Amino acid sequence: MKQAQDPFQFVTASYLVCIGHDRPTTLRDLSQSIARVSDASIFCHTFHSLSTYHYTSYSSDFAQWAMAACNEQELAERLGAIDVRQFVAIEDLRSALLHTIDSYLHAQPRSSDRPAFEPFFFSETREITLPLEMRASNLAELSEGIGRLSLQSLHYHFVNSRLRLHLRTNDFSHWIEKELDFPELAARIARVDFYTNTLQGVRDGILECIRPWINR
Amino acid sequence: MSSQAPAPQSSVPPLKDYASIVGQPEIDELWTLAKSLQNRTVKMVNSTAVGGGVAEILNRAVPLFNEVGLPTQWDVITGGDAFFSVTKAFHNALHGMAYDDRPHWFDVFLATNEENRRRMTFDENFVVIHDPQPLPLVEARTGKNNHWVWRCHIDLSQPNERVWEFLRPFVEKFDVSIFSSAAFTHALPIPQYLIAPTIDPLADKNRELEPEFVSSVVQKFGIDASRPIVSQISRFDRLKDPLGVIQAYKMVKKYQDCQLILAGGGASDDPEGSVVYAEVQEAAKGDSDIFLLNLPPWSHLEINALQRASTIVVQKSLREGFGLTVTEALWKKKPVVASAVGGIFRQVLHKVTGMLVHSVEGCAYQIRYLLSNPALAKRLGETGHEHVKENFLITHTLKNYMLLFWLLERNRQ
Chain S
1 MKQAQDPFQF
11 VTASYLVCIG
21 HDRPTTLRDL
31 SQSIARVSDA
41 SIFCHTFHSL
51 STYHYTSYSS
61 DFAQWAMAAC
71 NEQELAERLG
81 AIDVRQFVAI
91 EDLRSALLHT
101 IDSYLHAQPR
111 SSDRPAFEPF
121 FFSETREITL
131 PLEMRASNLA
141 ELSEGIGRLS
151 LQSLHYHFVN
161 SRLRLHLRTN
171 DFSHWIEKEL
181 DFPELAARIA
191 RVDFYTNTLQ
201 GVRDGILECI
211 RPWINR
Chain Y
1 MSSQAPAPQS
11 SVPPLKDYAS
21 IVGQPEIDEL
31 WTLAKSLQNR
41 TVKMVNSTAV
51 GGGVAEILNR
61 AVPLFNEVGL
71 PTQWDVITGG
81 DAFFSVTKAF
91 HNALHGMAYD
101 DRPHWFDVFL
111 ATNEENRRRM
121 TFDENFVVIH
131 DPQPLPLVEA
141 RTGKNNHWVW
151 RCHIDLSQPN
161 ERVWEFLRPF
171 VEKFDVSIFS
181 SAAFTHALPI
191 PQYLIAPTID
201 PLADKNRELE
211 PEFVSSVVQK
221 FGIDASRPIV
231 SQISRFDRLK
241 DPLGVIQAYK
251 MVKKYQDCQL
261 ILAGGGASDD
271 PEGSVVYAEV
281 QEAAKGDSDI
291 FLLNLPPWSH
301 LEINALQRAS
311 TIVVQKSLRE
321 GFGLTVTEAL
331 WKKKPVVASA
341 VGGIFRQVLH
351 KVTGMLVHSV
361 EGCAYQIRYL
371 LSNPALAKRL
381 GETGHEHVKE
391 NFLITHTLKN
401 YMLLFWLLER
411 NRQ
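The listed protein sequences correspond, in order, to chains S and Y.
Here the numbering used here is used: position 96 in the first sequence is 96, and no number is missing along the way.
Here the numbering used here is used: position 33 in the second sequence is 33, and no number is missing along the way.
If you're looking for bench data, these hints aren't it; they were derived computationally from the structure.
Keep in mind that a hint or two might mislead.
[Stated by the list, open to error] Computed Cβ-Cβ distance ranges for the label pairs, DEER-style:
id, chain 1, residue 1, chain 2, residue 2, range
1, Y, 189, S, 99, 30 to 40 Å
2, S, 196, Y, 142, 52 to 62 Å
3, Y, 189, S, 39, 18 to 28 Å
4, Y, 225, S, 187, 53 to 63 Å
As the structure is a prediction and not an experimental result, all values here were calculated from the model.
The beta-carbon is built from N, C-alpha and C at its ideal position, and this holds for glycine as well.
So here's chain S without its partners, still in its complex pose:
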């Protein structure tokens, strides 16, 4: 079984939400707020909401608000289609959100100032990470560790990782490619779809990818 030089360090990641003061009530105000709020706020309503609200139609808070509070179905679909996998920096994600809203309002100017049913409550996430007493030096240990992660920590390693690495990948794929030199497995794991799966489904998908490679 192939052994890594640098082991994979699992961490526990948790999030607390701090409520902000920005409370836009129209789409125009929402756009202005998105332009000025902190990176932690954009993260909260996109990356973080993705792990929290998989029951609702959209996992992006902005898309959900456009649909439920503004009754703007088309804009909701467009915002919901912004795929966080495409972004390795919050600034780029912010620009994509602004571009989507502003171009929609340019085409539908009457939607700009129509009051929403309820305000959008901007918040920020505070991320707390602590190293776990779990390390992996090979695929068997990695697999075992992934099975023992909480769902939030799995989200941290698999989804939020791209903001830390500034790469369109995740911590597991990154480590597998760098330490074990299995680029094919790394690519296969990176394709596990977290938009159409629950986080438990994502975990199962990753473990399924790893299983045939364990004894190589």
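Following the hints, put chain Y in place on chain S, whose structure we already have.
Positioned in the frame of chain S, the structure of chain Y alone reads:
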């Protein structure tokens, strides 16, 4: 058929027992977080030991804090009828209801808090004050280097200005505040964190029950288990709108057979309960399908059974803090029809985990709709159960408080 009641719990189960519900990884991570805070001490202060959601959460959470190595003391402030009449008036006023100002009320409030402050100590690393009743205790922080947290369980978005302006200076002396929903907050100079209240899935009120016991409770109260049961489990309080529930039931009854249970008790800090109960009795008079059950505070198993026996659970509150009775019903996979107020928004996602309503008529319509569509009702209940499991269980309370304490310590370094 056995109708013997399960033995009430004498203590809170250990943390490991929750692994069967939330998964071992979640429990392991709680221990990791707890290790980073070893031997820090905590004090929780509120105004009642029994009745109401705050006391229920503390009853369950405090032993768990102690188990993971954060010695936690829970103190309840004391006061006479005059004090609790004032705090009830404040509570309603902060929810935006009418406020009949009496000149001596502020003095009664301050004097009672001062008496409590003198008999209590506040030497713990973290002091958490729950709700407005004990707010002035924050004056005791002078000269201390510990962290003070105000945990507000009520909706402060549209408070009566006179009461709020009186209380605000106390709030501003805390390090941080906690709210159950972003919509409940008011502009404050201190950080406001979002932490939802939770239920304990292993508590008598929520744990699985044998069907025979559920049947025996229903029989005991003379309810017909073979006919649909609509229930609202809440203290008899105007803000819970029990009269509105009876109106909605009467509208449903024109078209569909059902029975109505209004069950609840009083809290020791709520002197208005008996007056409201009398009004509800009057409104229910003459209808043998309405069951008014004024239950003592230790009736957790009976309440659990009544919720499990219900076809639909209603929460038609006019104002609401978070609405833990909704959480309880969702956990039991019940279809819920609830007012779109307060923290209910966070729990009942319309047409996903239940039905949100805005009026007596809307409430009646959704009850009829769900009685006619049992498959949809079942699906809502099942999604609701998962929603609670992921967000509103007591293990989340433990985790979120530990995260907050960790952040407070880090920010001071």
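TODO: Check each numbered hint against the structure and report the violated ones by number, ascending.
DONE: none
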